[in-house]
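Participant: Chain by chain, the residues:
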Amino acid sequence: MPDEAAPPQSFADKHRKVLLGLLAVMIFLAAWQAAFLVFAFNPLFISKPDLIGRALVTLLQSGDLLRDLAVSAVPFVYGFSAAVVVGVPLGIVMGWRERVSYALDPIMTVFYASPLVALAPLVIVFFGVGVSGKAIIIFVLAVFPFIFNAQAGVRAVDPLLINVVRSMGGSEWDLYRKVIAPGVLPYIVAGARIAVGRGLIGILVGEFFAASEGIGYAIARFGDLFALDKMFACIFAIMVIAVVLTEGIRWAERSAFPWRIGQ
Amino acid sequence: MTDTRTLPADLSAGEFGAPGKSLWHRLEPTILGSAGIVILLLLWEVLPRIITMNAGTKLFFTTPSQIVGTLWRLFSTGAIWEPLGVSASGFVLGLGLAILVGLPLGVLIGRSRTLNAMLDPFVTAFNATPRLVFLPLVMLWFGLGLWTKVVIVFIGALFPILINTYEGVRNADRTLINVVRSFGASEWDVARLVVVPNAMPYIIAGLRLAIGRAVLGVVVAEFFGSESGLGVMMVQAAGRYQVDVVFSGLIVFAVLSLALTWMVQLLENRLGRWRPQRAGGE
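Protein chains in written order, with this note's numbering: chain A, 1 to 263; chain B, 1 to 282.
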């Protein structure tokens, strides 16, 4: 059972975790593959790891997968950038000025609590199936984590630090550079991690509704065609992207803001 | 967890201690907050009347008064109960299953390092992936109907509960565990007496996140893979340019999700009553 003696986390200990994880994934894949030695295999209903692997290679070689991903990436980048540009300043102002936050907090909470995805059909009908409609859906979903996290970040800044900088004759600029930015940035990056997930939902919603290309469209179409191996391959691609983005941001957090590791 | 957002209720603690606050001071947040909402609604109501839009654009706009009228009509005729019931059953079943699976599994991987290491890749991958990606697959397996919805809600709600339970279990006080064990407690006793009560605040925070995700799950599942429900009503209304109906549905979802979150908050306060005041964290 857990580490009563709390041994210093040795190298082998960390290794053990990775090895066990790999082992579990391998067991899972092997069991999936082997299950169809016992059960009848119906390619219209389920797929097998080897078929999925082959489909993935085919999609990669033909360039279809990369093209779909590139198509989906464009609205994602637009929507996400807009979310940062709008959300971060708004959140900082809300954190800094108490009255602004009193006035805006209830509205934001209501927006955040309501499933804004529900407006997607309207947005698509209004803006069409192109880049702008999807970008707007992504923006609407991704902006709130930035607002709330920037706000929380400003609030968490220690007033003592501000006073110290001021007493030592620091300028307003010093205040921002030395106290506020280092305090808020980790929160914003943490917000970005949540926003990435929501942005991916935005892409998929937009493309499931109406699209002629893109990764969400590809998944829906392969499903309609009962091409389950290709569908699984696309799902796998999305999983990899989601994990890389989320864990990448987590890694960046750890290396850029080491003082936050304990939290 | 990942959400660093604190609730407005905790924030007042950050103010400098101002003894004997005036009435205005105490009411200020409420007044300003209501004013913000009122101004937004007024702008929304008035702008479409001032600005002339062409007929095409006008189709996409509605006003708060129209939405209120539509809501009233939906409730007074009872037209909303049937789709609402369909959505609610998917929500309750999915969230219930997520709690049933997520809690024990979270305790297990919190208590066993080996299991944790083995399940970690799966939890990380599935938690990072938007579950919407599985929707076409789930639809293929479960068809258009209740179970597709339940599965999507379940996948979405499972991970906040699982991960928060795990975090809470990991944070259990070792001394307490050792004491209980020295008195001859079994692993089951340890879980029941120390680990789970200690993890309660985490679990409830997870539940709060899970509710949001479950509502979202109901909406998207109904958009694409259902024949009836509130989400279906909204998509159909969007197709017919009944913007007021779309917003009415949105408001019903929002109110439900706020009400549920609030109830969880109450539960949290009730269950946390014995706990000494925690030092302010994130």
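Some hints could be false.
To spell it out: a stretch of chain A is covered by chain B in this simulated footprint if at least three of its residues, at any positions, have a beta carbon under 8 Å from a beta carbon of chain B; those stretches are [to be verified]: (1) 21-33; (2) 87-96; (3) 200-207; (4) 229-242.
Honestly, the hints are just simulated from the structure, not real lab data. Since we're looking at a predicted model, the values are computed, not measured. Glycine included, each C-beta is placed from N, C-alpha and C at the ideal position.
Participant: Taking the hints in turn, state whether each one holds.
Facilitator: Each hint tested on the structure:
no.	hint	in the structure
1	21-33	holds (count 6)
2	87-96	violated (count 0)
3	200-207	holds (count 4)
4	229-242	holds (count 6)
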